[in-house]
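Asks: Now for the letters of each chain:
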Amino acid sequence: MRTPRLLRPLPLAVAIATVVARAHADSGVGVDTWRANKLDPTGGATIDGCDERGTSWLEAGVHRSPTGNLYACPPPPPVTAGHGEWRTSGVLSIGAVATGGDDGNALWNRYVDWDGGIVLALLAFDAERAADGTYASVRASRVSDDDEYYQAVFGRAGSYKVQAFLRDMPNLVTNTAKPIWNGVGTDHLTLPAGYAAGASSPAAIAALSAATPERTLGVTREKQGLGFSVYLTPQWTAYANATDEQRHGARPFGGPFFFNFPFPDNGGVLETVKPIDDSTVNLEGGFRYAGRVWRMDFGYSGSFYRDRYTRYTYETPFALSPLVPNAVSAPLTTGQFATEPDNDYHNLKAAFTRKLPMNGELSITASGGRMSQDDTLIPPVACQGVFGIGLDGSLQTGPQNPYLYDCANWNTPAALSRKSADMRIDTSLLDARIVLQPATDLTVRGGLRYEREDYRNVYLAYNPLTGQYGYVSENGSQGSVVPGESGIWDPSDPSAITRVRSLPLDMQTTEANIGADWKLGARDTLGATLAFSRYEPTHRERSTVDDGSLKLSWTNRALDWLTLRANVTFLHQDGDRYDYDPYDFTYSIDLPGFVAPPTGVPAHTVDALRKYDVSSRNERKLDFMATFMPREDMTVSASLRGDWSDYDAELGRQGYDTLGATVQWEWQPAPGSNASVYYAYDRSKLRMANINEINDSGSNPSIGGNTYVDIGRWWADDTQRNHNAGVVFAHAFGRVRVDASWNYLYARGTTDYRFASPLALAWADTVIGDGPGGGTFAPMTYRIDSLSIGVRIPLHERVALRVFDVYERGRISDWHYLGFDATHAFDHRVYTDGGPQSYDANLVGLLLDVRL
Amino acid sequence: MTAIERLRRFLFATALAGIPLAHAGNGPVDLRAIDAVHGDAAAGKAKASVCSACHGPLGIAIVPTFPNLAGQKAEYLYWRLVMFKRAGKPESPMTAQAANLDDASMRDLAAYFASLPPAAGTAGTGTMPGAAIYRDGDPAAGVPPCQGCHGADARGRAGADGDPRLRVYPMLRGQHAAYIAQRIKDLAADASPFTSTSHVMAPIARTLDAASVDAIAHWLEAGAP
Amino acid sequence: MRSTDAIRRLLALVLGCATLVPALAQQSRDDLARSLPSTNLTGGDVQAGASMMNAAPAPGFAKAKVADNPGAPDATAVGERTCIACHQLESEHFTHTFHALGLHAANKADASIPVCETCHGPGSAHAKDPGAKGLIIGYTKDSGTPIETQTKTCLTCHEGGPRDHWLGSVHQRNGLSCSDCHNPMAKFSAEGLMAKASINDTCAQCHRDVRLQFNRRSHMPLPEGQMSCDDCHNPHGSITSPLLKTNTVNETCYQCHAEKRGPFLFEHAPVRESCLNCHTPHGSNQQTLLVTPLPFLCQQCHSGLRHPNDLHTPGSLGNGQHPDERAMGRACVTCHANIHGSNAPSGPKFHE
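Protein chains in written order, with full-length UniProt numbering: chain A, 1 to 852; chain B, 1 to 225; chain C, 1 to 352.
Only true hints are included.
Which stretches of chain B does chain C cover? Using the computed rule of at least three CB atoms under 8 Å from a CB of chain C, they are:
hint	stretch
1	128-137
2	147-154
3	157-168
4	198-204
Lysine to aspartate or glutamate pairs mimicking EDC-like chemistry, simulated, CA-CA at most 16 Å apart:
hint	chain 1	residue 1	chain 2	residue 2
5	A	K38	C	E224
6	B	K185	B	D209
7	A	K621	A	D657
8	C	K128	B	D153
9	A	K551	A	D623
10	A	K355	C	E159
11	C	K128	B	D138
12	C	K260	A	D277
13	C	K260	A	D344
14	C	K349	A	D584
15	A	K519	C	E148
16	B	K85	B	D30
17	A	K685	A	D643
18	A	K38	A	D103
19	C	K133	A	D560
20	C	K128	B	D136
21	C	K260	A	D374
22	A	K38	C	D201
23	C	K152	A	E361
24	A	K38	A	D115
25	A	K685	A	D752
26	B	K89	B	D186
27	A	K621	A	D682
Don't read these hints as lab results, they were simulated from the structure.
Since we're looking at a predicted model, the values are computed, not measured.
Yeah, the Cβ is synthetic: ideal placement off N, Cα and C, and Gly gets one too.
Can you make the complete structure from the sequences, with help from the hints?
Replies: This is the structure:
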């Protein structure tokens, strides 16, 4: 079902208009709660600075929130103009920006498109009719073609609201792309003239890659939305929102033509470029009721994803050669990817809440959803001619060449057990919670939750044209290098092991919790929550995974100058027997007629491995927050958070610990003058273990058997450390306002490893540096210094000039891309992305703020 | 030192040194964050002879259009003087008087008059019409109760003894009715108040009609509750 | 977006709005008739004109009444004029907020609907003794009003909907008040009456550490102002931990990443279970918000025969002795590119 560009804005708008229609920026439903950009992430809230008169004539300074944070100084009231019954105000901020230095860098341009030139920093216009509370407002900003937003709101306070917006957001993925193909951004990547597909030499391709100029790849999101909310009565409200978002662009992706690492001058490992050209419509609508005793919430949400492409193909430059003597490999030229299928999603939700005696509430939510897709399936392979190996030295299919296949039998939809995917997941949820407050100092809580995901339909990989099961592995390349590894099973090759079935992942979760909060006087609150959850996945290593946790919390306000909040959690996860191989049924092993190889069915994996999502673990969490008020105009906040998980896993993830602390000092001595300083440090450490095999076809899954032996063991620890610091300063020198800030991040990740013997290693001869038993990767670092200074000079009662400069220095080192500065091509591997780059860049801007 | 480090240091230095003291200067008077006013009452007494011409030898004015100063809050007195000096309004007789006073003198005078026993009044009763407005205001007319800031006993705001910021609200008990009435009238007409407290009182003054002003003033003169 | 494109999209939106407006117009035609300008030109006062039209208060404000303040049981309402006689500057700021617009209009239509006292309770006791704590419902640390009274007052009008699960939520249990995040006394934020200039700045008051995660190499576009914490979390309480707006983690992600929803012909178990098995939600120093570097990320679960379980060392990198696709660049996902699930019949291992 190919419905390209199914829902474009026009029909969309009409479609929504028929829906009885509340607003965007709903904290209960949907996204799109904020529209702003990097030029002003506050969307204009701070453009006028502070009212120098302060908050109140009665008192100096600002009040504190109940937690103890200082409120901001209020902005000066807008200058309004009267037009009959309407009162209007507005601001227009327009000017120009220019960038310099490494301003093409992808990190510098993350989610922003500093095109340079004229920018509309802000247009904000509000109109109000005091008589009945009707209002209209417009807010817009435009940095460049791909980085802009426009929104308009019209409504009557407490009655209805209509909102429309357009928003474009850039996402630059890389600026060091050297795609060797023509057609980047389309669904067909071809090699340039002079470079034969399937027959080019690594040297030629390396030269082609080197000669390809660096370019950027990225994806722009263009979204438009319409929202409507209305009070039907003082108790009933209704809302409807619809959005349509298009994504355009291209990003680095993959392209497998079999291993290159074990087979020099063979295979193919390609980083191709995936076209992004799709659209998503999201719809939300519902009714809400809030009465004295009952509350209700009925909601629908739907999502409709449409991709322009069902697949994209690419040419592979490299030739394949067989691993057996006197044979020939089929000349393969084309690889393919299925893009994400068009999908539909519907969800209905109903929530009922009833007030109970003892200031209590009982709330029950039921929700059911369906996600489905029935995209046309692409053929198993995109080749022409034959794929596989001609054992007799020819490329003639027939009994003499059992591992050579006619592409014609596999490059057509007729080779599929069905023409379209027809996959569906039904979701259901029932949530019930109760809160009772039998005394003013005691709250008792309880909750139950039941959730399911049910897969409807499975796919069987069966080719009715040939009667064979299985699929074509790696665009035909695997079977074209290794005889019999094409991915196809038939009774004539009864020991071939291949996937023949999709993997339905039905799951069910049941949760229960009970808790209480005690107020010990007015200043301390203690809380405890016991929670239990049972996760029951199908076709996973465990069929039940049980979590039990105890959370204790404490809030203290005993001192006027201090608010403390502390939470600790203890969690234990366990489950039933761990089956290291629950996937047999998806393989040819499960087919009638399958004959185990003489050496036995190779072990699916090692039985001591524990996948961390379902493995047993103990976890402790600590969360501590403090707000100090040393003086009327100062706040110091500090937090400490830790999370320590130990997994009961001999192999797999063994531990994951994080610990972080922040401290921040804020000072607001006068309206418009403030300073703050922060520092934060956090560290996380992930510990894992794995084991290399001694025997490629070993059937014994246990360590110490014929497959895995102790000397193949290895361990890795990944440690991430982040130092964050910053200073923010703002002050009005007379009527001139100065803002300055410096933000700093230094992230350092180190991956250390140890191994029992060189058998554990991919490459036994690559042990460098740290001796035979272990080593470390070069630190993965990311360091950003960002300095910004802005001055705002009033020129006139209504006009002010803003001049600002942002200087940023970024330093990055990612070991995945070591060596890529010299070449993107390594034997039969060719990479598009050159990886992230360090930069020094500057943005200078001049803006004129005009009060309308 | 790298350029970045230099910038960092510059920024820190600016942040620490660049913020001048708030509320300094000669502009409008902001009384929202003031400290206690200390002065030498004895020295003030020596300088008070010129004041007594209008405000009486013991701070009790004989002419009822001039305010009694005796027992008034020192903070109120000091900042009134500062206001006269800074605002320099030519129509006020106090402008010329304050122009020649140095800061220490103003503090001394404030301390001196604050130390004098206040006017006793002539025993007002709670049944006087002004008492109700002073106590309860008049919500229908938007008039807040006077006692909120001037105290239930009209001796100044509750808690003023412990907080100098509350001592800018004057004691009104026993004050001359004619002065109070004129002052309220002036405040109501003041389009651009010069002090933060006038910003508070001016809108309130505008809620009062002439009869109410008169009633409150007479009741206060009589000595409040 | 090119300008022609922009025009097309704007037109569509305007048309969309236009089709909605008649429904509105019909609904409020009587209101509109009544709201025609007064012919009494001598009035010159919008307030006087409005009271003559006698428009019904908007339903959202029709229920507004003087808040119940247990701290001052005998207090009586004094009305906005009395409040702003002293609180002039506060009023100047408040007037330009959404609450002021609605309450003023409702008060004009029905004088029994209060303005200030809708939220602050009756003012008479406070006016007589403004220094005494708790005589007025205050929303600040030193107000003397219990947090429960504060939140209860706000919920009088804002009960239900997105705030349906406030009671029992983690923020409620930790003693937060509405006014920890919202300050409706002035327009501090472009939208949402936040306490700080944006939703993100507001959350960062307590969750500074989380906010800083967004400064990392790969992150959601939050520092750039393109999204807010509120896109994924409902701070008012929800049925999904940690305060997620949808039923599951994945549903939350699918709201913007609908292409990952599938279901795919061939699924990857941890992907369907939770995006957070491999990604951190806020920011990471790896590419694409990954928890830990490839190939180690994958090797936590995969130890199959032949190629996934080898220990790579720096020698496997592009500048090493044996450049190896399993560790270089995109590592595992160079070949298993459709790692989120493949819809290709030849994609069981996400190769196609």
